[in-house]
Amino acid sequence: MRLKTLMLGAAASVALAPSAFAERGSDGQVNIIYWQAPSTLNPYLSSGTKDLEASSLVIEPLAGFDEKGVVFPRLAAEIPSVENGGISQDLKSVTWKLKPGLKWSDGTPLTSEDVKFTADYCMNPEGGCAQLARYEGIDSIETPDPLTVVIHFREPRPNPFTAFTGAQSPVLQKAQFGKCVGSGASACTAENFGPIGTGPFRVVEFRTNDSVTLEANPNYRDPEKPAFAKAVLKGGGDAAAAARAVLETGEFDYAWNTLVPPDALKGMAAAGKGKIVTGFGTLVERIEMNLTDPSPDLPEGERATARHPHPILSDERVRRALSMAIDRTLLTEIGFGDAGRPTCNLVPAPETFASDNTGCLEQDIEGAKKLLDEAGWAPGADGIRQKDGKPLELLFQSSVNPIRQDFQALIKQWWQEIGVATELKSVDPSVFFGGDAGSPDTFQRFYADVEMYANNFDGTDPEPYLARYTCEKAPGPESQWQGENVNRYCDPEYDRLIVELGKTADIGQRADLAKRLNDMITKDSMTIVPLVDRGRVSAHSNRLGGVILNTWDSELWNVADWTRVK
Amino acid sequence: MLNYALRRVLLAVPTLLFISLVIFLLLEASPGDPLGDIPMTIPPEIRDRMREALGLGQAWYVRYVMWLQQFFWVEPLHAFDQIFGTGFSRGMQRIISFQTRSPAFDVIAQRLPQTLTVVGLSYVLGILIAVPIGIVSAYRQYSWFDQIGTFISMVGFSLPTFFTGVVLIIVFGIKLQWLPTIYDTTLRVTDWTSLVQQVRQMAMPVTVLALFNAAQISRFMRASMLDNLRQDYVRTARAKGLKERVVVLKHVLRNSLIPVVTVIALGLPAVFGGAIITEQVFKVNGLGQLLILAINSNDIPMVMTLTFIFAILIVAFTLIADLLYGLLDPRIRYD
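Heads up: the sequence lines are chains A and B, in that order.
Per our numbering, the first sequence starts with residue 1, numbered consecutively.
Per our numbering, the second sequence starts with residue 567, numbered consecutively.
Hints are all accurate, no fakes.
Calculated pairs, SDA-like style, for lysine to any residue (alpha carbon to alpha carbon, straight line, at most 20 Å):
1. A:Lys266 x B:Ile740
2. A:Lys230 x A:Arg24
3. B:Lys741 x A:Thr249
4. A:Lys179 x B:Leu620
5. A:Lys273 x B:Ile740
6. A:Lys369 x A:Gly359
7. A:Lys50 x B:Ile858
8. A:Lys179 x B:Ile662
9. B:Lys741 x A:Ala270
10. A:Lys179 x B:Met658
11. B:Lys741 x A:Ala269
12. A:Lys273 x B:Pro746
13. A:Lys50 x B:Pro605
14. A:Lys273 x B:Lys741
15. A:Lys566 x A:Asn542
16. A:Lys425 x A:Ser295
17. A:Lys266 x B:Ile736
18. B:Lys741 x A:Gly267
19. A:Lys179 x B:Arg660
20. A:Lys103 x A:Glu224
21. A:Lys566 x A:Thr249
22. A:Lys273 x B:Ile736
23. B:Lys741 x A:Gly272
24. B:Lys741 x A:Ala264
Coverage of chain B stretches by chain A, computed from C-beta distances (three or more under 8 Å per stretch; other residues unrestricted):
25. 607-620
26. 745-756
For the record, the hints were derived by calculation from the structure and aren't laboratory data.
Each residue gets a CB set at the ideal place from its N, CA and C atoms; glycine is no exception.
Please build the complete structure, drawing on both the sequences and the hints.
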């Protein structure tokens, strides 16, 4: 009887399997195009998104983020929490359990030793690890048995999902990378270009800055996946050509980051060969107000430091008036189309952490004028407001980028309407974002009154991001102009709340605190004036199924589930 | 002749050293930073560590001398080891690209075949088209053939490749869908089908470049033929009753080819330099694309190595052109 049921069951599953599931490698080849070509497959040596995402096909972290930003297990058996005992009561250690029976693509078993090795590899002081921030604060790592990893932190860590979570910190194979530690890291070309992994694919050929050819990993943990036997990731060209290759000619199945003017993209999609997918993360295009005086009349060393508050922008009413004059909806339509949405928040997502702050969305020119009147800036003869004989003039800088220059021109017009004269300046991106302490044109040094750029945060927890605006993080001559608080914003209450956030583990309380901090720096003080929440746009062919755009992790996060639509 | 060649080679050494120093200083002085486009989510302390790992902590002259040593000593040694299976260069630091963290020469070697097939083929095709057009255009000056030839070469001259390339892509790639718009660098030619595929994907980039090259060379050919056709020796040859075919193809053509050959030789380094724009338009990903990516990301070792190789090639081919001139034209002697 028992045998009969078993046999029946087996027969039924054989009969049903082909229709219900695709078999591994049954769907041929998937072609992916990244117009920025991957340079290496070792994300610890490069921080470029293109490199991270290409490597995510091959190597995997213990846990990833899904499309909603929720942590889910990859190599781990389950997500540690205080409830299941994975996170200790004092929040100072976290215990990960690996799924049993995992194998590398070369057939050897994955053990906790590999996990520990990965952390040591990145934390080696000579390696120049690009993802070191993910491992910061780790005191020691223990491996009591082959399936258990215990990470001890120096301080309580309410959000331990940085190390080994997300495409930025995948697990490397100790046997392969053992000799590549420290200064030897970049001599290991073969290893960096062909890491052995646990992911759905393994590398066949890597041509740097050109293309990656991959095949299904025979030892992938799900025997039915991936559906594709072969994957090719081609790089090069530009975003428009990549979008065209998917939407118009159908040569490729998936195009990453098709950042093309909204009209052009719609035109391509009209060919009916593919779809455009959009997702929103935390990337916010914003205007930053300089709270210190960047005047060149001040001596170097004092210029743009907290000793000299900004003569115009120190007044909160002026900052608010500047924000009120901006029509964010129009900016979004012009610059990003469906790939953007107007926002008033520094932290626009994930939902739990986003404040319900929408006060800035309505443009209010009259209100702005009234505020400036109140602040004592009276209209002058030439339409420019004046106070004590000084005109209301601002220097507005940004990086060279066609959309940013459009934004600058529009904002200049609106500010002109309320009686503010604006001088525009655009700096080459590699200089602006280059962080060179000797250059006067970096966004950190901020030798201008207002500046515009976009920034976001890794993962789903905004704590480190919000912590950038504490008093001590202000860049200045003492810190070689390094530091993230470019506005030189300083509020003791803000600093106190950041410390409190660092001690709070309850997600609800963390969200409340994060929202308060977000509001303090945006709608309450107008230090940061958010403009547009910039989404991610990619395109996939109608013949490719299973694509779910994820802005919290690699876009190729669920490539194992992709199938060929017949 | 040999003496002259040796003197020129010796003179080339200080020239090249000077060129390398100028390139290095230009790169050093240019704004921008190799870590300029890393995401802003990376904290500044980690940025500093990454900078040090790239060796950017040292003074510029130290890095320059290191580069010289790597280029002239380590890399040749390594090549020697590769060929003869020896181990002289073991443990020595090769030139490492910032972007890929891999030896620059390996990447160049990987890219070279791509560039030589596409750009080289287009150069050969360009010459094959240009020479006959130049001959006929000159022999039948102001005929309808000459007029059309002049028109086409003017078009080839004046239309930039990024325009003709995109037009071809729109017509043959998108509207007609005959040819692929993206070049597959991983394609191996093993049988008829893959050969056809290779020809299809090369068709557009080669056409664009061949048109451009043919335009230039056919003008030189035409001008040089015209010069010679008016010479006295041509009249003499005709007066002696030589056949017109022999006069044109033997006497005039041979003499007219002398300046054209040197022009062709001087143009050869450009083949190795790749076609930056055309490679980008068709995603051929050869040396041109490598150079432009390296420049964009301030990958100093890669830019330095590539541009210096181009400098060597230019100096070498200039020498070759000069020597060829002497060989082909008995009137010119260097000693």
